[in-house]
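Keeping the supplied structure of chain H fixed, place chain P upon it in accordance with the hints.
Protein chains in written order, with the numbering used here: chain H, 12 to 640; chain P, 12 to 112.
Just so you know, these hints were derived from the structure itself, not from any lab.
Using N, Cα and C, we set each Cβ at its ideal position, and we do this for glycine too.
Any given hint could be a false lead.
[As the list claims (entries may be wrong)] Partial list, computed: chain P residues near chain H (C-beta under 8 Å):
#, residue
1, 27
2, 33
3, 98
4, 102
5, 104
6, 110
7, 111
8, 112
[Said to hold, decoys possible] The list that follows gives simulated cross-link-like pairs (lysine to any residue, SDA-like), each with its CA atoms no further than 25 Å apart:
#, chain 1, residue 1, chain 2, residue 2
9, P, 111, H, 605
10, P, 111, H, 593
11, P, 111, H, 599
12, H, 452, H, 464
13, H, 499, H, 599
14, H, 592, H, 613
15, P, 111, H, 603
Each chain, written out:
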Amino acid sequence: MMEFLIQSVWLVPCYALIGGLLAVPWSPGIIRRTGPRPAGYVNFIMTFLAFLHSVLSLPATWHQPPQQIFIPWLNTAGLDLTIAIEVSSVSVAALVVITGINLLAQVYGFGYMEMDWGWARFYSLLGLFEAGLCALALCNSLFFSYVILEILTLGTYLLVGLWFSQPLVVTGARDAFLTKRVGDLFLLMGVLALLPLAGTWNFTELAEWAATANVDLKVITPIGLALIAGPMGKCAQFPLHLWLDEAMEGPIPSTILRNSVVVVSGAWVLIKLQPVLALSPIVMSVLVGIGAVTAVGGSLIAIAQIDIKRCLSYSVSAYMGLVFIAVGTQQDEAALLLVLTHAVAAALLVMSTGAIVWNSITQDVTLLGGLWSRRPVSGIAFIVGTLGLIGFPPLGSFWALLKLASALWETQPWLVGVIIVVNALTAFSLTREFSLVFGGKPKQMSERSPEIHWPMALPMVILLAFTLHLPLVLQSLALLPSWEMLNKDVALLLIWSSIFGCSISGVIYLGNAIAKPVRLPWKGLQDLIAYDFYTPNLYRLSIVFSVDIISKVTDIVDRFVVDGIVNLVGLISIFGGEGLKYSTSGQTQFYAFTVLLGVGLFGVLMSWQFWGDQFLDLMYSYISVILNS
Amino acid sequence: MQLQYFLLLAAAVFCIGIYGLITSRNAVRVLMSIELLLNAVNLNLMAFSNFLDPLAIKGQVFTVFVITVAAAEAAVGLAIILAIYRNRDTVDMEQFNLLKW
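For reference, chain H alone in the conformation it holds in the complex (with noise of 0.2 Å):
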């Protein structure tokens, strides 16, 4: 029975493909008379069953070396492509988070989009994502997995793009589209380059030949450069950062798959090409730089947000760059412990600020206030997911963090002030949300705002026991890190930078001794971080103004260079007709004399050869003779 468990894992993700299949006959015009609610509980039936499969087949992959199946694909012309899938319990323990997290998702879907007349497209749309992450998730094959990138590029479009009237959703999914794609591309060059180099796609194949591989620094350093780009796009790092904040344009229950295990796709890849990664140090040192300063930038941007969705969106920015920063000092086991921990604790962020956000007037922070009250369960959502992104014993973050930072001790000690500092400013940036969300009196737009309906705190209230439960959890499957192992000074210091953060932030934002909005004393600071470090106006100056500039002269030189060069050949042909027709003059006289011409010249032709060269001789004598006189 186990056996035939994980023999069929690859179900998985068929069955989330199904699912997203079964919901497209709801769409508007094809089944009218039920409404489209079906879709949605056909698709909960589907994940329902592949988070079944994969909770039953998770104990018997445990301690078991990781099975291989090989599904042969395409073969021709030397060239094998044949589809690996790895059965191990880390990719099996990622198909039931995903498949849990998209059932809750979809439970808080029917709640939230109880109005929308999109359920079939939303319900099918996260059928294909559940299918493209569960397939990423078993993939063992690099070329695969940038095939199903991309299918899952497609599917932040299109779900990022539902709501597709209005203008903000439209560039949001347009944006997140290309900027995926930016990575996307180089990654391609990077996949592409990386096969006549290692011989293989396999990464457990990948593995084995970089630990002995000896390459050219020169030549592995831009493959590598290359192959990050596209981790970058895809778990939001600077500079490709900007896109995960307009993606929040799209529906909360998709943000909530988005911001939990979507972003973590790009760091998946990237934990499964560490080994190739990490046979050139500068490659390695790009990814802890660019982990460093997404990480510090992110969350000082979130503290600046004001809309209540782009505060959770820039943290999640920051805490893939701890990813970065993990796996750019090998620490592998840390990244996957963190990209589990923040997985929960960010989708049960996202659930509690999309109950707000469902039936509030409005999403800026600055004029919610009072909630608590009214919203006891959306706040307690909100504090355990605080508690739980941020180094809080014993909730979960606080082991990734602290085994992350434990590691890096010796070794890099600024890195564990990066990791304390993104801690500290996390845990403000949460705690601002918070008080200035639900602490406080209630304002003129929080003031009739009740608590969600129960197919939305359901959902929430089981995300929010499981964050509770999952050191215990952790324990039980021997994932936490062995406390005689770890720095308890890096333990202290992490608490204290928890602690710090949040108290600050509380006695600002729930306290009435400083006047709010928060004014800093240098306004330029304030502007610098609230406008995303400009980074969209430094976009629009140049890559935006340079792309323009260069579409436009290539139209241009389309325009009129080459479409001119063969209106040109037209033009020509027009005006000499026009202009050879006057040659018919309608005189008989020029008739006859152009005849008479051209059978004299005719006949000189036909001739010429009896009389031609004695006639050049004698006028050459002639003009000789002429001259020389």
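Just chain P now, kept in the frame of chain H:
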């Protein structure tokens, strides 16, 4: 008295005829130029028949035919000019360009 002189004379007459045919504006003068051309041809025929074929004198027979045809052609030509003149009240060759572009 050699063949070449006759031939050169005939060619000169022919050229004058061509010049007149192309440049004259009066239609009657065009007809007269055509007569010059035919006469140049007749001179050629006569010269060749005298110098190269004095026994069979096929050239002289040809010449008789050419004179006959020339007379017929002149009659038809003058008739055409008269017909045009009745319609258009002129014999200026440059006015007869109805079939231009």
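How the hints compare with the structure:
Using the Cβ-Cβ criterion of 8 Å, the hint placing residue 27 of chain P at the interface with chain H is not satisfied: the shortest such distance is roughly 14 Å. For the restraint placing residue 33 of chain P at the interface with chain H, the shortest Cβ-Cβ distance is roughly 5 Å, inside the 8 Å limit, so the hint holds. Evaluation of the residue 98 of chain P hint against chain H yields a violated restraint, the C-beta minimum of about 16 Å exceeding 8 Å. With its C-beta approaching chain H no nearer than about 13 Å, residue 102 of chain P sits outside the 8 Å limit, and its interface hint is violated.
For residue 104 of chain P, the interface hint holds, since its Cβ comes within 8 Å of a Cβ in chain H; the closest pair sits about 6 Å apart. Given hint, residue 110 of chain P at the interface with chain H, holds; its Cβ is 5 Å from that chain's nearest Cβ, closer than 8 Å. A least Cβ separation of about 3 Å between residue 111 of chain P and chain H falls short of the 8 Å threshold, and the interface hint therefore holds. Below 8 Å, beta-carbon pairs count as interface contacts, and residue 112 of chain P has one with chain H at about 4 Å; its hint therefore holds.
With a CA separation close to 15 Å, the supplied pair residue 111 of chain P and residue 605 of chain H stays within the 25 Å bound. Taking the CA atoms of residue 111 of chain P and residue 593 of chain H, the gap is near 8 Å; set against the 25 Å cutoff, the hint holds. Using a Cα cut-off of 25 Å, the hinted pair residue 111 of chain P and residue 599 of chain H holds, with the two alpha carbons roughly 10 Å apart. Of the supplied pair hints, the one linking residue 452 of chain H and residue 464 of chain H holds, its CA atoms being roughly 23 Å apart against a limit of 25 Å.
Proximity of residue 499 of chain H to residue 599 of chain H is assessed by CA-CA distance (about 115 Å); at most 25 Å being required, the pair is judged violated. Distance check on the hinted pair: residue 592 of chain H and residue 613 of chain H sit about 23 Å apart at the alpha-carbon level, within 25 Å; holds. Between residue 111 of chain P and residue 603 of chain H the alpha-carbon distance is near 15 Å, which keeps this suggested pair within the 25 Å criterion.
Consistency note: the structure conflicts with the earlier hints numbered 1, 3, 4 and 13.
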